[in-house]
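Visitor: Use the sequences and the hints to build the structure in full.
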Amino acid sequence: MNLRIAGMGWITPLGRGIDPVWDRLIRGDEATGQQISDDIADKTYRAFRIPAGALKDLPPHPRLRRASAISRFAAAAGLDALAQARSTIGEIDVQRMALVFAVSNGGVIYTKRFYHNVVESGAQSASPLLFPETVFNAPASHLAAILGIAGASYTLVGDGAVGLLAIKMASDLLDNEAFDFCLVVGAEEADWLLCDAYHKWRLLKSEAPIEPFHEPPRGMILSEGAGAVLLARRGTVQIDAIDAGGNFSQRRKVNEIVRRILHDLTDEHACIVASANGTFVDLAERAAIEKELPKAIVYGPKPALGESVGASAVWQVIVAAQALRTKRLPEMLHSGRQVGLSFPAIDETSYTKAIVLSCGLNQQVAGLRLSI
Amino acid sequence: MVRFNDLDVKIASTRVAVVAAGVISPLGFGLDETLASLRANNDCVSPVTRFDVEKCRCKTAGQISDERLLSGRRNGRKTERLHRATRMIMAVFEELFGQDPEFKPELTVIGTTSGGMSFGEDYYRALYRHAALRHSARWIANYPPQKPVIDAQHAFGICAPCQVIANACASGTNAIGHAFECVRSGKYQRILTGGYDALSELVFVGFDSLQAATPEKCRPFDRDRSGMVLGEGAAVLALENLEGARARGARILAEIIGYGISTDNHHLTQPDPSGSGPRRAMEQALQSANRSAEEVDYINAHGTATTFNDAAEGRAIAELFAKVPVSSTKSMVGHSLGAAGAIEAVVCLAALKAQFLPPNINFLNLDPDLDINIVANNARDAKIDIVLSNSFGFGGTNASILIQKLAA
Chain A
911 MNLRIAGMGW ITPLGRGIDP VWDRLIRGDE ATGQQISDDI ADKTYRAFRI
961 PAGALKDLPP HPRLRRASAI SRFAAAAGLD ALAQARSTIG EIDVQRMALV
1011 FAVSNGGVIY TKRFYHNVVE SGAQSASPLL FPETVFNAPA SHLAAILGIA
1061 GASYTLVGDG AVGLLAIKMA SDLLDNEAFD FCLVVGAEEA DWLLCDAYHK
1111 WRLLKSEAPI EPFHEPPRGM ILSEGAGAVL LARRGTVQID AIDAGGNFSQ
1161 RRKVNEIVRR ILHDLTDEHA CIVASANGTF VDLAERAAIE KELPKAIVYG
1211 PKPALGESVG ASAVWQVIVA AQALRTKRLP EMLHSGRQVG LSFPAIDETS
1261 YTKAIVLSCG LNQQVAGLRL SI
Chain B
1312 MVRFNDLDVK IASTRVAVVA AGVISPLGFG LDETLASLRA NNDCVSPVTR
1362 FDVEKCRCKT AGQISDERLL SGRRNGRKTE RLHRATRMIM AVFEELFGQD
1412 PEFKPELTVI GTTSGGMSFG EDYYRALYRH AALRHSARWI ANYPPQKPVI
1462 DAQHAFGICA PCQVIANACA SGTNAIGHAF ECVRSGKYQR ILTGGYDALS
1512 ELVFVGFDSL QAATPEKCRP FDRDRSGMVL GEGAAVLALE NLEGARARGA
1562 RILAEIIGYG ISTDNHHLTQ PDPSGSGPRR AMEQALQSAN RSAEEVDYIN
1612 AHGTATTFND AAEGRAIAEL FAKVPVSSTK SMVGHSLGAA GAIEAVVCLA
1662 ALKAQFLPPN INFLNLDPDL DINIVANNAR DAKIDIVLSN SFGFGGTNAS
1712 ILIQKLAA
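In the order they appear, the protein sequences are chains A and B. Take 911 as the starting number for the first sequence in the numbering used here and just add one per residue. Take 1312 as the starting number for the second sequence in the numbering used here and just add one per residue.
For the record, the hints were derived by calculation from the structure and aren't laboratory data. The hints are all genuine.
One side of the interface only, derived from the structure: several residues of chain A facing chain B at Cβ under 7 Å:
{"#": "1", "residue": "1041"}
{"#": "2", "residue": "1045"}
{"#": "3", "residue": "1059"}
{"#": "4", "residue": "1063"}
{"#": "5", "residue": "1065"}
{"#": "6", "residue": "1066"}
{"#": "7", "residue": "1075"}
{"#": "8", "residue": "1154"}
{"#": "9", "residue": "1156"}
{"#": "10", "residue": "1272"}
Ideal Cβ placement from N, Cα and C applies to all residues, glycine included.
Guide: Here it is, written out as structure tokens:
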């Protein structure tokens, strides 16, 4: 498989831009939980939000005038990934570029507002301006219009693993000689409704920090943003293998799937970028790592960046690629040292490979391995 | 078309067979009922019963009876707790695996637009009313679009990874097209693919708010068309490398031979009036199949009966095809969004099998701006070997697939 990362971009609760956010991760910075509320109920939650000003450099485009936050995040990450790619591999023909957009909850802010009007005032109050923005592929459509992509554009929906499934789809698309590039974007926007839903699902905790690999799990903090990787046949970091994994019907079965994926991807020269987010996911990853690669150094970005669901796995891939490029790994935050895993003790590393594990909260699991 | 394998070596394309199919739509449950309804020119649109539509302009849709959906237990799970979309997919799997119990997919690619949306609506309404939320965990867990697919897979002992494509109304055809490309590349042997969508209030009201839905009959390509009606359903095809399918003695229903996809950046909800987006998708499907427009015997159009869609699609068809018979079976069942392309692919399989042209019902007068050959109101017998199925959607997604009757 000749699949390489030619460019990357991200917008996260720690800011925008590959190097600035990476520097903050290396410094041990973490996002701050901001209160999030809604008129529909008294309860408040905390989420990691995109900082004010992070989108100030986003070029104006008519498509973004009324678009929801998720579309703006995606535009920022996508444009940054293309800019980085152009600086390294030269001009990119967008006519030979496909777009695969990974999302989990989609345009939840406008969806909630649209349906709220219906519930409160009846169908005649429904907004024809809001409705199109509630459709899952609206952000992908805006991004395609901004970038001028007139060919293949797919929106993939799934749980936290959807970003890796999107990369798998991109690798299949790049088997077709019609494409030289595939831009994979994962994005999500945070809203009170999502926090409430995950809270009622007993996966959310009320205050930061996320404490990965603790037993029993203490819960996650939602976040928002976007990540983008431009895949091509040229680039510094190679995607060696992708395991689209499988699905678990019961949480107790997740362990065996994560373990099988790690077994398939295992490499003694690899570090692991885990999806641990303070939920049952952590225990599955921990059990798999202890069994398959017990000496591997494990890092997880979610204590610093939060659980952004649709964007999370793409962020993990960016972290893994940065670790290989810079030969550094950030400190694992809030993990404690008692859990039986090895975390980065010093930030300098000599890894030439990195395994990304992504276990979603709603049945999907996948993994991939990068090398440099 | 020449393709690359993992070693970047150019390889010949693999042929892709449809070895089984299942469908559930307002036309009926299964291929036989679907064929009979198409032949009988049934209008399957009826007053909406699932939610209150009193304040909507449109009050009808193509609907599926819950009473006939699978109930009870499968693989140890109570189906009543699942979303009805899940039960639709399970009904479809029942038919598909009944035809080919040996089919073991490596991947599942399914299109949808709204997943378990009605559970999201239940949850929000309960929140709004400060009502009891004892069911909320079930609503939330079963709301995501991948859930019905994965649950249905588990019920049938399948654990293939799922790619759930949400490309609005083109989702089903995009899913089949992508699955076709994956098998054709030689990377996969067997893929389950199709689409599903269950009627939901949010989506119904949304199309009503856009005035895209009609209070009248759905009349695709008619001079006096006034909009779409919604529908629901599910359809899944089992795609397999043709050689492999033959080697194991599988029954082959048809062959998928081409796929085209384009993105129309004109507007979020309206197609470019020139029809350039649909045209590019159709041209690409022909090119991908190495076929000419003259070889196409029937077009199952997207044909939503909205002013803009039919004008753009009709123009593109007229530019590319000379008087090929065209119908939109949405006139019979409504627009089932993410399921539409998959259901219409099954309609095409039925047409190829029974050698007839499915009808475009409720048709009164051809739009004088459209120079196309509509199969008006009645199904009719015809010799057909290659059919084209179109799906276009919000966001400017356009998808076309070509299906061919397999020569004996």
